[in-house]
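There are 2 protein chains.
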Amino acid sequence: MQNPVMIETSARHVHVSRADLDILFGEGYALHPKKNLSQPGQYACEERVAVVGPKGRFPAVSILGPERPQSQVELSISDARAVGIKAPVRESGDIAGSPGCKLVGPKGSVELAQGVIIAKRHIHATPADAEKYGLRDKQVVQVKYDGEGRALIFGDVAVRVRGDFALAMHIDTDESNAGMVRRGTVGEIIV
Amino acid sequence: MQNPVMIETSARHVHVSRADLDILFGEGYALHPKKNLSQPGQYACEERVAVVGPKGRFPAVSILGPERPQSQVELSISDARAVGIKAPVRESGDIAGSPGCKLVGPKGSVELAQGVIIAKRHIHATPADAEKYGLRDKQVVQVKYDGEGRALIFGDVAVRVRGDFALAMHIDTDESNAGMVRRGTVGEIIV
Numbered sequence: 000m001q002n003p004v005m006i007e008t009s010a011r012h013v014h015v016s017r018a019d020l021d022i023l024f025g026e027g028y029a030l031h032p033k034k035n036l037s038q039p040g041q042y043a044c045e046e047r048v049a050v051v052g053p054k055g056r057f058p059a060v061s062i063l064g065p066e067r068p069q070s071q072v073e074l075s076i077s078d079a080r081a082v083g084i085k086a087p088v089r090e091s092g093d094i095a096g097s098p099g100c101k102l103v104g105p106k107g108s109v110e111l112a113q114g115v116i117i118a119k120r121h122i123h124a125t126p127a128d129a130e131k132y133g134l135r136d137k138q139v140v141q142v143k144y145d146g147e148g149r150a151l152i153f154g155d156v157a158v159r160v161r162g163d164f165a166l167a168m169h170i171d172t173d174e175s176n177a178g179m180v181r182r183g184t185v186g187e188i189i190v
Numbered sequence: 000m001q002n003p004v005m006i007e008t009s010a011r012h013v014h015v016s017r018a019d020l021d022i023l024f025g026e027g028y029a030l031h032p033k034k035n036l037s038q039p040g041q042y043a044c045e046e047r048v049a050v051v052g053p054k055g056r057f058p059a060v061s062i063l064g065p066e067r068p069q070s071q072v073e074l075s076i077s078d079a080r081a082v083g084i085k086a087p088v089r090e091s092g093d094i095a096g097s098p099g100c101k102l103v104g105p106k107g108s109v110e111l112a113q114g115v116i117i118a119k120r121h122i123h124a125t126p127a128d129a130e131k132y133g134l135r136d137k138q139v140v141q142v143k144y145d146g147e148g149r150a151l152i153f154g155d156v157a158v159r160v161r162g163d164f165a166l167a168m169h170i171d172t173d174e175s176n177a178g179m180v181r182r183g184t185v186g187e188i189i190v
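Top to bottom, those sequences are chains A and B. Just so we're aligned: 166 in numbering that gives the first Met the number 0 is position 167 of the first sequence, and the numbers increase by one with no gaps anywhere. Just so we're aligned: 146 in numbering that gives the first Met the number 0 is position 147 of the second sequence, and the numbers increase by one with no gaps anywhere.
It is possible that some hints are incorrect.
List of simulated lysine-lysine pairs, BS3-like, C-alpha gap at most 25 Å [unchecked claim]:
(1) K101(B) x K54(B)
(2) K143(B) x K34(B)
(3) K85(A) x K119(A)
(4) K34(A) x K106(A)
(5) K54(B) x K101(A)
(6) K106(B) x K34(B)
(7) K143(A) x K119(B)
(8) K143(B) x K119(A)
(9) K106(B) x K143(B)
(10) K106(B) x K119(B)
(11) K137(A) x K54(A)
(12) K106(A) x K33(A)
(13) K85(A) x K101(A)
(14) K101(A) x K54(A)
(15) K54(B) x K33(B)
(16) K54(A) x K54(B)
(17) K143(B) x K143(A)
(18) K54(A) x K101(B)
(19) K137(B) x K143(A)
(20) K85(B) x K101(B)
(21) K119(B) x K85(B)
(22) K143(B) x K137(A)
(23) K106(B) x K54(B)
(24) K85(A) x K54(A)
Treat the hints as calculated values from the structure; they're not laboratory data.
Looking at chain A on its own, in the form it has when it is part of the complex (with noise of 0.2 Å):
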């Protein structure tokens, strides 16, 4: 296989900004890390939120650390749909005019005004991942995958490219099914 590259699925999460993680769990509170994700820096955390809509609540979300200027959920399309949200799909930080929702933690609650979207299938690579396969930032690819029976091929796989990242796709739980993508399995990029 031609420029092959780990096939991540991102499961429904959390990032939070610091100011709603004193409200949801005390005023200073520390993350704590559970595991390192590929992305170095990093990592899930042993808190989740719950998270609210309209129809409906996911009461156990993992938040993924560390925190961000902005608290942010990702949902996939069918998990927006349980709960009656509408969510754009959108890279990760751009969330100017998406929905928000309820997130819901030990010590209290915080009404996000936007925040939740539907994670833009991408590519993180180095600089130097990205001189090997001829890719560079924002160029978009396709990613072919064999999944059992699923085979698909993934168009508008947008490049992202940063000195700390690490090669990897992530794609969200409807296109992981979709392409019954399996844990720790590879997909060919096609430039």
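Given the coordinates of chain A, assemble chain B onto it according to the supplied hints.
Here is chain B on its own, set in the frame of chain A:
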């Protein structure tokens, strides 16, 4: 576009046997057709049942008529996970060895020993469609769809040719969400 095919998203639904319908809705109960589906003679019914798995339930799932020899529950993988059922990707009717679930109707409930599947994506075509497009029964093709920032090429699409079909591709909600497939839009069959 060459070889256009309408793509239809099948949300979770249930097919019921005559015997199970008797238990769920009462002896000799007749289903009430609400809306004809694209396939001749198939219809969505007014009636709904609860689909219950070990981890959760969908309280009001549509029944599609007419009755079938065996009851069958078609979920997406997201759905199946939500209610705690590990179902295989199968063609409709191929339920041997699949997991069961509980169905609850207004008059009674049924414990299905098997019948919960994830529908394998497929194209229905008449012999005339098949001839026009150069397809044959059981052929496996790709279908390309350009969905708002989530372009996809579906592989492993099974072609089924029968005189009482109408040309349409059927996918589940995970596949639809992964490709931002809009209602009433068309993909391109790649032979």
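What are the numbers of the hints the structure violates, in ascending order?
As far as the earlier hints go, 2, 9, 10, 11 and 15 are violated by this structure, in ascending order.
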